[in-house]
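Student: Put together the whole structure using the sequences plus the hints.
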Amino acid sequence: MVAFLFYLLSAVSVLCALLVLLMRNPVHSVLSLIIAFFAIAGHYVLLNAQFLAIVHVIVYAGAIMVLFLFVLMILNLNKAAPPYQTTLVKVMGAIAGGLLLVTMVASLKHSAIQPVAGAEDGQIGLVKNLGKALFTEYVVPFEISSILFLAAMVGAVTLGMRNKKDNSSAITHL
Amino acid sequence: MNSAIPVLQAIPIDNYLWLSAILFSIGVAGVLMRRNAIVLLMCIELMLNAVNLLFTAFSTYLGDASGQIMVFFIMVVAAAEASVGLAILVMIYRNHKTVDVSFLDKLRG
Chain A
1 MVAFLFYLLS AVSVLCALLV LLMRNPVHSV LSLIIAFFAI AGHYVLLNAQ
51 FLAIVHVIVY AGAIMVLFLF VLMILNLNKA APPYQTTLVK VMGAIAGGLL
101 LVTMVASLKH SAIQPVAGAE DGQIGLVKNL GKALFTEYVV PFEISSILFL
151 AAMVGAVTLG MRNKKDNSSA ITHL
Chain B
175 MNSAIPVLQA IPIDNYLWLS AILFSIGVAG VLMRRNAIVL LMCIELMLNA
225 VNLLFTAFST YLGDASGQIM VFFIMVVAAA EASVGLAILV MIYRNHKTVD
275 VSFLDKLRG
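Keeping their order, the protein sequence lines are chains A and B. Note that my numbering has the first sequence beginning at 1, numbered continuously upward. Note that my numbering has the second sequence beginning at 175, numbered continuously upward.
Hints in this document: simulated from the structure, not taken from any laboratory. Even glycine gets a Cβ: it sits at the ideal position worked out from N, Cα and C. Among the hints, erroneous ones may be present.
[As the list claims (entries may be wrong)] Okay, the calculated bits of chain B under chain A, using three or more residues with CB under 8 Å as the criterion:
id : segment
1  : 181-188
2  : 191-201
3  : 215-225
4  : 231-239
5  : 244-255
6  : 258-264
Tutor: And the structure:
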């Protein structure tokens with residue numbers, strides 16, 4: 001049963017990831033990427049990483065992909081772009097990606113990792129245990145990440161406002 | 175024993191290695207193949223998620239919470255990166271009327 005779920009979720013995630021780069025319409029790419037993210041969230045549930053599964057759905061499917069969809073709608077890019085690149089570039093990209101896959105498989109082929117004895121209870125993915133680790137051992141990186149978010153928010157707002165400021169300065173200049 | 179996570183016994187961690195390698199390679203191929211900058215950002219998110227999945231798998235298999243904390247921080251950085259990257263893309267679209275990276279060659283010498 002678990003093996004079946006694993007292979008089902010893996011097939012869905014790989015298929016939707018392929019559709020992301022094969023779809024001509026960017027909106028379809030976004031939608032298939034959302035399905036792939038839900039499949040990855042299913043993998044997290046399978047691994048008993050409940051906190052990560054919830055956060056993954058909220059952050060990726062709920063925030064980041066909605067942001068992508070909004071930008072696509074605002075820029076009115078929700079139509080298939082005419083193909084500007086040649087087929088040669090596409091084939092070269094596919095070959096390069098495939099070669100990377102072959103390299104990784106060849107280098108990881110002889111890995112022999114066994115679950116250690118400490119993993120037996122499988123409770124580390126619960127909110128309680130992760131929160132304990134996050135707010136004791138990793139509290140300084142947690143605070144620094146809040147500063148990163150503040151900087152990203154200020155940067156995004158500043159980038160979005162610049163055009164208006166240019167207009168106002170142009171008006172005062174006139 | 176090990177009743178909390180039956181996946182530990184049913185699935186060897188090699189399968190997660192292969193799955194993450196496939197997803198990461200698809201992301202790399204997408205960055206190389208597509209010219210739409212928004213799809214490029216989406217492929218970068220796909221690569222980050224492949225790494226996240228492998229971090230979580232190793233964290234569960236080895237019984238160490240640090241891997242899942244690392245995934246949490248990767249999600250933080252991915253959210254910040256997506257917001258700033260999309261703001262930059264909106265600015266580029268206002269100035270150039272396109273987000274096709276083939277036309278964004280103004281820095282070429």
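Student: Which of the listed hints are not met by the structure?
Tutor: none
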